[in-house]
Every structure is written in structure tokens, then in C-alpha cells.
Amino acid sequence: MNRSGFLGDVLKYRTLLLMLLPGVLFFILFAYIPMAGIVLAFKQFNYAGGVFGSPWNGLDNFRFFFESGDAWRVTRNTALYNIAFIIVNNVLQIAAAILLFEAARPWFRKIFQTMLFLPYFISWVVVGAIAYNLFNYDYGTLNVVLKALGMQPLDVYNTASYWPLLLVLISAWKALGYGSVMYLAAITGMDREMYEAAEIDGANIFQRMLHITIPNLYPTVIILVLLAVGNIFRGDFGMFYNMVGNNGILFSSTDVIDTYVFRSLTTNNDIGMSSAAGFYQSILGFVTILLANYAVRRYDKDRALF
Amino acid sequence: MPCAGMTKTGRCSKGEMSNMQAQAQPAAASAGKKAGKIKGDLLLFQLIGYAVLGVMSAICLLPFLLVLSSSLTSESSIIENGFQLLPSVFSGEAYRILFTYPEQMLRAYGVTIGVTAIGTLLGLFLTSMTAYVLSRKDFKWRGSFSFFFFFTTLFSGGLVPWYLLVVNYLHLKDTLIVLILPMLLNVFYIIVMKSFMNGIPEAIVESAKMDGAGDFLIYARLILPLAKPALATIGLFIALGYWNDWYNALLFVSNENLMPLQYYLYKMLGNMDGMRKALISSGAVVNTSIPTESLKMAMTVVAIGPILLAYPFIQRYFVQGLTIGSVKG
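The listed protein sequences derive, respectively, from chains D and P.
Under our numbering, the first residue of the first sequence is numbered 1, with each subsequent residue one higher.
Under our numbering, the first residue of the second sequence is numbered 1, with each subsequent residue one higher.
No lab work stands behind these hints: they were computed from the structure.
Small disclaimer: the values here were computed from a predicted structure and weren't measured.
Mixed in with the good hints there might be a few duds.
Stated by the list, open to error - Cut-off 20 Å, straight-line C-alpha distance, at most; resulting in silico cross-link-like pairs (EDC-like, lysine to aspartate or glutamate):
id : chain 1 : residue 1 : chain 2 : residue 2
1  : P       : K140      : D       : D9
2  : D       : K12       : P       : E202
3  : P       : K39       : D       : E102
4  : P       : K137      : P       : E206
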């Protein structure tokens, strides 16, 4: 067959195109068609009209979202939580990875790694049950310990100010094993010659950590942190929802964009405003990820996303 | 986002072996006075290392033991003393009640097992097939399609349009399909799979083509067997995703018969009154003195049991997954 042009190519690659078809349809259906649904953010939704038949209402949905003060609150919470997660999680993960590689013998390394990785495997629902076990006012382990020490029990589920710290700790707890494996891989791939040379020169283990291991990790750290920064406006819905749920007392310090959008949709059934908030998040997320990728690109072209 | 960094680890595990050997050498090399000093530092460092790792490991493990212990403690002891690391008064009552009225729980288990099995097999098939096409260097629109998939991770329409699509247009509310379909494909898994397949020598495909094999046959007969390590790892990531999913059920399932395990646990943790009524009406308990606290913990244990049992065997595949896709997508 000697046809040329687009049709010829289609014919030539017909099997490959057919093999790609299910995946393409999937993403058209679940990703690209919903993108068209963004028009909802500019509409007064009613079920009779549906997504495309409902009347336009300009920027009313956005005005409502921003003027209520909610926009600022949830955006600030989302960004601050993610920044705290990025810092705390990475510091702990790097520390764990270095210690796993340099201090623990292979057999112990496996044991430690197995235990650190455990929380990664459970759902946020189970983490919610664990949090309940720990922080419940009447029976929680935390209060059992506090009472045993003669201290006042803490009413964790009714005190918004405890939650930023708690959520940072819970996030660190769940991500420690996963992240430390990534850093462990980076350390394992390092050139050992430098260590040996430094050792012969009389550098002790602490000096070697400080002047060899940690500087050698910088590239990995910078890339992982930049990529995480690209996602700072995307909240981890599973975590926030299972820790806080619909407990309004805690919203001032725990409400993130994702939980806000979810609640506006399911509890208040406010399609227009939740679409507007969702669209606002998509735009913010899109811009930050482009900026983050630009930064990665400048730092190390090969590791950029695109 | 379980595998956002998966392709970004940068280093593959190939170096691991040689580095482990290299690590053993300093101990042997350290002879003489100067080495003695280094050894002292090393000892201190190891002491700190074991202490810190020990504390971290304990913090990761203790909550699980607390839940287990609480589930085996008598309710009156919990009310009096709270949850404790060791049961002060041992009781298997919570489990007895759980297993005298097991229908709902077993149904939730059944839903989860079915959804996980179908979703994993189908998802793995579609992920690998998509990844294979994108890994074919002679495929003309490789770049455009890769971008088509990748773009969906950068920008999305958000929750609301997606929700309305599933509920109002696809009419998938309260179906088993809604628990499987939305999670079937994940761009990151496709990228990792593609990076792995990029490593398969092209000569294999070329020679099969010479023999007249079609593209699908090459994928099914040649590529899939060679991609087994990646299939195992991605398969487990997909399976874990389905097993732990409660989000789709939260949004789309209200029929109790279609509740997956995690969502069932979620419902029960939040709605013990509902559970109490169900237990009393079923005759599992006669009075209102249901051990709600230990029962919550027992249900948690039952929900994570299979994961914890499988964990020691599957863990290494996850570690592999983090280091497998070292090649950029």
C-alpha cells in the first residue's frame, strides 16, 4: 500500500490507534468533557436546563465566593498546610533515609523500613479510626496518658487550634515510609568513592553526612520539593475529610479548597458556587504547576515534567 | 497522588547491590589508630540512628497495636480507663457481635474484593496497552497522544462537572460500575509503565514484525511477559487504590448493598446509632448495651486485616515501584 497523507498514516497505524482508543475515550469522558463543564461556574444551574441549558449569570458565583471571605480562608489554609507538609515531611523523610542507609545494618534496615512504610498502605478512613482512638475526649489514648500524668485532658475534636499541628503530624506519619524510600534510592545511587576518600582523609561520619550525603541529595530534594510546590493549591481531600469530616467547629483552621468545594456541592447543593470555587482552584493549580515546572526546567532540564 | 514522584527518583536500583558491598568495606578498611577514632564516631552515629529509627518505627506501629488492643478490651474497661496499649480486661465480645451478624460486613468485603479484582485486571490491561503504544518509537502521533494524556494531570474541570457527568449524564449512581470505572486509568501509572517499556530492546519488536506479527500480538505475546516486574508493581498500586477507595462510594453510593469495605467502615464509625439499631433488629444483641467503642475498633481491625497480612509479601513491589520508573516519561 502506497498511500500517503493523514489517511495513509491512520491506515498504517490502525492497530496501534485501536489499542489507544479505550484510553483516549476514557480521558475524553472523565477529563476533557468535565473541562467543558467549567461553564457551570458562570451559570445559574438548574436541573431542567442541565449543564449547557442553564442561564448565564456572569461572575455572580465568583462574587459570592470571594465576598463571603471563604475564598481567602480556604486558599490560605490549603497553601499553608501544603507548605508545612512539604517542609516537615521532607525533613523527616531525608533524616530517615540517611539513617536507614548509613546507620542501620541491612537486616535492621529492612525491619525499620517495613514499619515506616506501614501507614502508607491504609486508607484515610482507617487513619480516621486511629485518630479517634488517640484523640477521643472520653476514651482517647492521649487523654488516658494526660490523666495518668495528672494533667488536664484535651478536647481535641472541639478545639480548632490543635489541628494544624495534628494534621502536620498525621501527614508526616502517613508519608514517612513512602518518601524515605525515594530518598533512600537517591542515596543508594550515590557514588561511594567520595565517602571512602573522605574517610581516609579522617572525616568522621558526621562530617561525611554534612559535607557529602546531604549536598549530594540537594538535586533530588529540589526537584521533589518544586514538584510538590506545584501542587500547593490541591488539598488532600481524603485526609481532611476523614480527620475533620463535617465538624464545623474545626473549619476555621482545617477547611481547604477541596473540602469546601465538596461541602458546597453535597451539603448546600450550590452547584454554581462550588463550580466557581473548583474552577478557581484549577486555574491556581495550573499556574503554580507551570511555574514549578519552569523552575525545575531551569534547574535540571531532564527532570522537568514537560 | 501515590506516584507523583515515582518517575522522579532519578536512580534505579541497579546500583544498590554494589553500594551495599561498598558500604561493608569501610569497616574492614578501618585499621590503625586513626581508624579507631572514626569507629567511635560511627558507633555514636549508629546509636543515634537506631534510637531515632526505633522511635519513628514505634510511632508508625503503635497506633495499630492500640486499635487491636482496644478491640479486645471489655467495653466497661474502656469506659472506665479509656483505650490502652494492653487490654486491662480482655474481651472478645466485639468480635463475637461482629461475627454473629456478619452479612453486611461480608457483603462489603465481597464488593471490595470484586471491585478490586475486576478493576485491577482491567486497569492493568488498559494501562499496559496504552503505555505500549506510547512507547513505540515508530508511532507517528506518540508525542501528541502523550501530551493528550499528560495534560489531564495539569488541568481539570474540578469536582462539580465530573460529579454531574457521572450522576446526571452517565446515570451511574448506585452501581458497581461507578466504583470501578472512574479509577480505571491513571496517567502516572501509564507514564511509569511506558518508561519501563522504553527499556525493552526495539530489536525484539523489529524481529517479530519481520515474522509478520501484528501490533496487538507483539504487545500481548512479547511485551507483556517482558514487562512482568512493572505489571506486578503497577498492578499492586492499582489494587491498593481500589481496596482503599471510599471516595467514589461517598459521592455515588447510598445503597447499603453496594458499599465497599472502607466506606462501610466510614459509615459505621460515624453512625453507631444506625449500627445499634441494625444489631438489635437482627437479634445479634438483645439489649442496648452494645460495646460501641470496642466494636468500632474491631471493625477497623477487620477492615485492615487483609492488607496487614499481605503487607510483608507485597511491600517490596511498592519499593520497586518507587525506583522502577527512573526513566523520564
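Legend entry - Holds or violated: K39(P) to E102(D), with C-alpha atoms at most 20 Å apart: Given pair K39(P), E102(D) holds - Cα atoms ~13 Å apart, limit 20 Å.
Legend entry - Hint consistency between K12(D) and E202(P) [alpha-carbon to alpha-carbon, up to 20 Å]: The given pair, whose Cα atoms are some 19 Å apart, holds under the 20 Å limit.
Inset, instruction - Starting from K137(P), check that the Cα of E206(P) is at most 20 Å away, please. - result: holds (11 Å)
Legend entry - Restraint status (C-alpha distance of K140(P) to D9(D) at most 20 Å): Status holds; Cα separation ~8 Å.
Comparing the model with each earlier hint shows no violations; every hint is respected.
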